[in-house]
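**Student:** Construct the entire structure; sequences and hints are all you get.
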Amino acid sequence: MNAWGVAAMGFTAALALPVSFAAFRGTLERFLALQLAASLATLVLVLLSFAFDQPSFIDLPLCAALLNLPAGLLIALVLERWL
Amino acid sequence: MKHIFILLLLAVAMLAAWLGSVGFVRLRAPADRLHCVTFVNAVCGAVILLATLLQDGATDRVGKILLIWLLMLISGALVSHATLRAMKWRAQAR
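Heads up: the sequence lines are chains A and B, in that order. Convert by adding 858 to the 1-based position in the first sequence; the result is the number in our numbering. Convert by adding 10 to the 1-based position in the second sequence; the result is the number in our numbering.
Watch out, some of these pointers could steer you wrong.
Only pairs whose alpha carbons sit at most 25 Å apart, straight line, appear in this in silico SDA-like list of lysine to any residue [said to hold, decoys possible]:
| hint | chain 1 | residue 1 | chain 2 | residue 2 |
| --- | --- | --- | --- | --- |
| 1 | B | Lys-12 | B | Leu-60 |
| 2 | B | Lys-98 | B | Phe-49 |
| 3 | B | Lys-98 | A | Ile-933 |
| 4 | B | Lys-74 | B | Ala-21 |
| 5 | B | Lys-98 | A | Phe-910 |
| 6 | B | Lys-98 | A | Arg-939 |
| 7 | B | Lys-12 | A | Gly-863 |
| 8 | B | Lys-74 | A | Asn-860 |
| 9 | B | Lys-74 | B | Ala-56 |
| 10 | B | Lys-12 | B | Lys-98 |
| 11 | B | Lys-74 | A | Leu-920 |
| 12 | B | Lys-12 | B | Leu-64 |
| 13 | B | Lys-98 | A | Ala-874 |
Since the hints were made in silico from the structure, they are not lab data. Just so you know, these numbers come straight off a predicted model, no measurement behind them.
**Tutor:** Shown next as structure tokens:
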């Protein structure tokens with residue numbers, strides 16, 4: 859395993875901490891943990907593209923980053939109005 | 011030499027990710043926790059972009075990573091604003 863793979867593993871472990879913490883908290887904390895996890899997961903996908911040396915993998919984090927915006931705004935709207 | 015710089019940048023990125031995660035757990039108010047998300051978006055994205063630039067040079071892949079970083083910064087700011095707004099409305103409703 860190269861340095862990019864090790865970094866991807868470190869990022870994945872860092873992702874698990876806030877997610878497991880927020881699982882036992884309120885709705886807002888879960889939403890905040892989702893935002894942090896989405897950012898870290900996007901970066902993990904970038905690192906995996908280099909770890910496996912596959913340039914085509916870079917489209918996955920690009921899609922994830924694009925989809926994070928409407929997803930976050932929609933959940934914030936639902937939290938504001940209905941929950 | 012280039013390889014050592016890449017290793018250093020990846021270590022800094024991993025440290026920043028762990029700092030953001032531990033800060034998320036340690037900080038008390040939900041509004042404070044938003045700072046951790048912004049910190050991870052800004053610092054980790056920039057450092058990984060630098061590392062990939064050193065590894066690949068100016069390629070299409072690095073251009074897409076720059077786009078990803080800009081998207082993360084812009085969407086992070088917008089979603090943070092929407093989240094704080096939702097927090098305010100929920101606090102007022104109670």
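**Student:** Evaluate each hint against the coordinates.
**Tutor:** Hint check:
1. B/Lys-12 / B/Leu-60: With Cα atoms ~12 Å apart, B/Lys-12 and B/Leu-60 stay inside 25 Å; holds.
2. B/Lys-98 / B/Phe-49: This hinted pair holds, its Cα atoms lying about 22 Å apart.
3. B/Lys-98 / A/Ile-933: holds (15 Å)
4. B/Lys-74 / B/Ala-21: holds (22 Å)
5. B/Lys-98 / A/Phe-910: violated (44 Å)
6. B/Lys-98 / A/Arg-939: Status holds; Cα separation ~11 Å.
7. B/Lys-12 / A/Gly-863: holds (18 Å)
8. B/Lys-74 / A/Asn-860: holds (22 Å)
9. B/Lys-74 / B/Ala-56: Satisfied, since the Cα-Cα distance of roughly 13 Å is no more than 25 Å.
10. B/Lys-12 / B/Lys-98: Cα-Cα ~48 Å, so violated.
11. B/Lys-74 / A/Leu-920: Within the cut-off at roughly 7 Å; holds.
12. B/Lys-12 / B/Leu-64: holds (7 Å)
13. B/Lys-98 / A/Ala-874: Violated. B/Lys-98 to A/Ala-874 sits at ~28 Å, over the 25 Å cutoff.
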